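*Asks:* Chains as they are written, first to last, in the numbering used here: chain A, 1 to 308; chain B, 309 to 735.
For the record, the hints were derived by calculation from the structure and aren't laboratory data.
Bear in mind the structure is a predicted one, so any value in this text is a computation, not a measurement.
We put the CB at the ideal spot given by N, CA and C, even for glycine.
Just so you know, not all the hints are guaranteed correct.
Claimed, not checked - Heads up, simulated DSBU-like pairs for lysine-lysine below, C-alpha to C-alpha not over 30 angstroms straight-line:
| id | chain 1 | residue 1 | chain 2 | residue 2 |
| --- | --- | --- | --- | --- |
| 1 | B | K328 | B | K341 |
| 2 | B | K409 | A | K122 |
| 3 | A | K152 | A | K40 |
| 4 | B | K654 | B | K424 |
| 5 | A | K122 | B | K445 |
| 6 | B | K445 | A | K213 |
| 7 | A | K18 | B | K426 |
| 8 | B | K515 | A | K14 |
| 9 | B | K626 | B | K515 |
| 10 | B | K654 | B | K700 |
| 11 | A | K122 | A | K206 |
| 12 | B | K626 | A | K122 |
| 13 | B | K700 | A | K14 |
| 14 | A | K234 | A | K258 |
| 15 | A | K122 | B | K590 |
| 16 | B | K328 | A | K234 |
| 17 | B | K558 | B | K454 |
| 18 | B | K515 | A | K160 |
| 19 | A | K181 | B | K515 |
| 20 | A | K122 | B | K426 |
| 21 | B | K409 | A | K103 |
| 22 | A | K160 | A | K213 |
| 23 | A | K152 | A | K234 |
| 24 | A | K206 | A | K258 |
| 25 | B | K328 | A | K14 |
| 26 | A | K152 | A | K122 |
| 27 | A | K103 | A | K181 |
| 28 | B | K341 | A | K234 |
| 29 | B | K409 | B | K426 |
| 30 | B | K445 | A | K234 |
| 31 | A | K182 | B | K515 |
| 32 | A | K250 | A | K14 |
| 33 | B | K445 | B | K335 |
| 34 | B | K515 | A | K206 |
| 35 | A | K258 | A | K160 |
What the hints assert, rightly or not - Footprint (simulated), chain A over chain B, 3 or more residues, beta carbon under 8 angstroms:
| id | stretch |
| --- | --- |
| 36 | 352 to 362 |
| 37 | 514 to 520 |
| 38 | 625 to 632 |
As a plain string of letters, each chain reads:
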Amino acid sequence: MSQQLSVQHLLGIKDLTKEDIELIFNTADNFKDVINRPIKKVPSLRDITVANIFFENSTRTRLSFELAEKRLSADVVNFSASGSSVSKGETLIDTVNNILAMKVDMVVMRHPKPGAAVFLAKHIQANVVNAGDGTHEHPTQALLDAFSIREKLGSVEGKKVVIVGDILHSRVALSNIFCLKKLGAEVMVCGPATLIPRYISELDVKVEHNLLKALEWCDVANMLRIQLERQDIKYFPSLREYSMMYGLNKEILDNLPKEIVVMHPGPINRGVEITSDVADSKQSIILDQVENGVAVRMAVLYLLAQTR
Amino acid sequence: MNLLIRQVTIADPNSALNGKLVDVLVKDGKFAKIATKMSDADIPAGVEEKNGKGCYLSPGWFDMKVNFREPGYEQKETIVSGQQSAARGGFTGVLIMPSVKPAIQTRSDVEYVLNKSKSFPVEVFTAGSITVNREGKDLAEMFDMKQGGAVIFTDDKRAITNSGLMMRALQYAGNIGTKLIAYADDPAITGEPLANESTVTTTLGFKGSPSFAEAVMLERDVRLMEHTGQPLHVSGISTAEAIEVVRMAKKMGLPITAEAYAYHLLLDDSSLEGFDSNYKVKPPLRSISDRELLCEAIADGTIDVVVSDHSPEDIESKDVEFDYAAYGMIGLESTYSVVKKAMEGKMSPEFTAKLMAINPREILGLEIPSIAEGAVANFTIFNPDEKYIFGKSDIKSKSRNTPFIDSAFEGKVKMTYNKQVLYDNLV
């Protein structure tokens with residue numbers, strides 16, 4: 001493969017071209033074959049050491065990155081903020097520089113604050129992969145979401161995707177909007193008015209507060225997790241009332257005029273965003289998303305390593 | 309020291325010499341002679357001569373909003389380093405904000421600051437806190453502070469959200485013959501003011517502070533002014549909505565005055581795209597149209613003064629993730645150049661003198677330096693046409709937190725003179 005990404009870091013979908021995204025997808029197709037073989041491993045990153053630095057809790061994203069790295073034969077070190085030197089007051093740059101001093105080539109970082117990955121990339125030599133920075137971006141999630149839509153529906157272009165839930169605090173929503181728009185999809189956001197950013201429609205995104213109308217419009221519904229941990233004040237009265245207005249259940253799904261695809265970035269609050277029977281239905285591609293996550297992250301790491 | 313400035317133009321709407329090209333002789337701290345042509349007989353021996361070609365001489369400028377960080381954060385700025393920074397920026401007088409640690413909230417706090425400032429020729433005045441610890445709960449001893457020399461009162465960038473308390477503070481200030489500075493913000497709407505609420509900040513993942521929050525609080529303050537009959541100076545006007553409220557209040561004949569921060573005139577929220585914490589200020593940088601309307605409001609007199617909001621921060625407080633970085637930028641050295649650039653031809657030398665020297669002192673009730681033979685010499689010399697690149701060597705502050713390093717400007721401060729001391733920017 002001779003093609004290269006236009007960027008040295010994956011900080012956000014904002015910085016990628018459509019060609020970058022397509023390159024990542026084509027590379028991920030190959031890696032998806034790899035991870036479905038009896039021997040799930042290739043030697044591509046044999047000489048690369050990757051540090052997974054997580055300043056915020058994560059189970060699946062970290063696991064997915066770690067698997068992707070290991071299947072590319074990279075050496076992997078993990079670092080999480082709790083119980084580390086961060087709690088002793090060390091700064092981000094010092095923490096990362098200490099890790100880099102041990103000769104690390106790539107850093108995958110999750111951080112609770114927007115712009116942290118941009119900040120890190122300005123200060124260090126290694127390739128940086130943003131695994132979520134506050135309410136800013138979560139580029140690999142958006143890539144795997146779009147990859148999964150492409151896999152399920154053949155392409156992303158022209159498809160209608162609604163993102164439902166807490167758009168205000170969601171890096172997944174923002175990265176998804178950028179990614180889907182770049183690939184030619186139509187995007188709508190749906191949720192309570194208190195959780196929809198005022199200027200979101202300026203990004204050429206439709207806004208709808210009625211879930212039923214949104215579902216009738218769409219081909220794909222991406223049901224975001226309600227992240228109470230990221231809400232500093234109350235934006236709606238209760239989870240019960242949220243799920244009355246924005247929860248997707250089997251009855252709603254079955255009464256729609258067409259069969260839509262249901263997605264969720266996980267972890268699911270079963271019974272809040274979607275009910276169990278929806279999560280486990282044949283229309284749900286939630287577990288495909290998880291599988292594709294590994295392939296897409298392998299593609300990202302592999303392609304970034306080519307830019308070194 | 310005696311000083312002769314050759315061929316300088318006077319910029320002072322209060323002076324009979326306004327607009328005249330003159331030679332100025334300063335002897336023993338006073339204007340000894342101001343004449344279109346100075347004869348050799350007028351010039352004493354040993355006088356230091358300066359060429360004023362292309363320059364204007366204005367009454368010494370005054371910045372009514374600076375933070376000198378002493379006591380509490382002397383590693384960021386001391387009163388003396390702040391004074392040096394002010395002199396470099398063309399200011400012969402400043403008003404210190406009470407937001408140091410501990411806050412300036414007793415007479416001894418006021419006296420401490422004033423005593424510390426006596427060794428340098430930039431005149432330092434201080435504002436006292438309206439409430440104890442600037443917490444917006446209980447009134448501080450404003451009368452005693454005033455006796456000690458505090459000239460005005462403010463909780464700095466904390467709006468007093470308790471309307472009843474604000475009403476009583478206004479009444480009490482009127483009672484003791486002083487004035488308040490209000491900060492226009494409704495923090496319950498604003499939240500953490502990391503960024504303006506706009507399209508560009510939405511794409512950066514910021515929750516965003518809606519611009520109308522300023523006007524909400526300001527409208528309340530205007531009602532309180534009406535009710536109490538007291539004057540009010542409002543700080544931090546950064547939005548179109550707030551400008552409208554000030555305009556309306558002035559139309560109603562209320563004794564309201566308003567100030568804007570220099571950086572809001574030149575910068576907008578698109579600067580946040582690289583998450584550079586030098587652009588993290590309070591109130592946050594607003595939209596391009598807010599910025600333009602702010603410049604218009606200054607030109608038409610709706611906004612009375614522009615201040616530096618000089619806020620020194622050390623590297624440790626700034627070179628961190630955007631959220632964790634401290635708010636503010638230094639500004640004393642760059643304020644004139646920034647305002648000149650932003651105002652695009654609307655900064656005549658005469659208007660510069662009014663905006664930078666006369667209006668702030670009028671609001672604070674301080675004596676305005678005059679330019680006339682026999683008057684005490686307190687002046688600033690500037691060249692509105694000189695082009696230069698603002699560099700680190702222009703900064704006298706202990707801190708370096710400004711995005712303007714390496715920026716090109718047209719309009720430069722050349723020297724200041726006060727208390728018989730010349731501060732020459734070439735030296």
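*Asks:* Are the hints correct? Go through all of them and say.
*Replies:* Here is what the structure says about each hint:
1. K328(B) / K341(B): Measuring from Cα to Cα gives roughly 14 angstroms; hence the hint holds.
2. K409(B) / K122(A): Violated: K409(B) and K122(A) sit about 33 angstroms apart, past 30 angstroms.
3. K152(A) / K40(A): 23 angstroms, holds
4. K654(B) / K424(B): This hinted pair is violated, its Cα atoms lying about 38 angstroms apart.
5. K122(A) / K445(B): The hint is violated at about 43 angstroms.
6. K445(B) / K213(A): 49 angstroms, violated
7. K18(A) / K426(B): 63 angstroms, violated
8. K515(B) / K14(A): Roughly 18 angstroms between the alpha carbons, so the hint for K515(B) and K14(A) holds.
9. K626(B) / K515(B): Status holds; Cα separation ~21 angstroms.
10. K654(B) / K700(B): 28 angstroms, holds
11. K122(A) / K206(A): At roughly 34 angstroms apart (the allowed maximum being 30 angstroms), K206(A) and K122(A) break the hint.
12. K626(B) / K122(A): Distance of about 14 angstroms is within 30 angstroms: holds.
13. K700(B) / K14(A): 33 angstroms, violated
14. K234(A) / K258(A): At roughly 35 angstroms apart (the allowed maximum being 30 angstroms), K258(A) and K234(A) break the hint.
15. K122(A) / K590(B): Roughly 24 angstroms separates the two Cα atoms, so the pair holds.
16. K328(B) / K234(A): 64 angstroms, violated
17. K558(B) / K454(B): Holds - the C-alpha atoms of K454(B) and K558(B) are around 27 angstroms apart, at most 30 angstroms.
18. K515(B) / K160(A): 26 angstroms, holds
19. K181(A) / K515(B): 21 angstroms, holds
20. K122(A) / K426(B): 43 angstroms, violated
21. K409(B) / K103(A): 43 angstroms, violated
22. K160(A) / K213(A): 13 angstroms, holds
23. K152(A) / K234(A): With Cα atoms ~37 angstroms apart, K152(A) and K234(A) exceed 30 angstroms; violated.
24. K206(A) / K258(A): With a Cα-Cα distance of about 20 angstroms, the restraint between K206(A) and K258(A) holds, given a limit of 30 angstroms.
25. K328(B) / K14(A): 56 angstroms, violated
26. K152(A) / K122(A): With a Cα-Cα distance of about 38 angstroms, the restraint between K152(A) and K122(A) is violated, given a limit of 30 angstroms.
27. K103(A) / K181(A): Judged against 30 angstroms, a Cα distance of about 38 angstroms means the pair is violated.
28. K341(B) / K234(A): Roughly 69 angstroms separates the two Cα atoms, so the pair is violated.
29. K409(B) / K426(B): 21 angstroms, holds
30. K445(B) / K234(A): Since the Cα atoms of K445(B) and K234(A) sit roughly 25 angstroms apart, the hinted pair holds (cutoff 30 angstroms).
31. K182(A) / K515(B): With a Cα-Cα distance of about 23 angstroms, the restraint between K182(A) and K515(B) holds, given a limit of 30 angstroms.
32. K250(A) / K14(A): Not OK: K250(A) and K14(A) at ~35 angstroms, beyond 30 angstroms, violated.
33. K445(B) / K335(B): Violated, at roughly 51 angstroms.
34. K515(B) / K206(A): 19 angstroms, holds
35. K258(A) / K160(A): 13 angstroms, holds
36. 352 to 362: violated (count 0)
37. 514 to 520: holds (count 4)
38. 625 to 632: holds (count 6)
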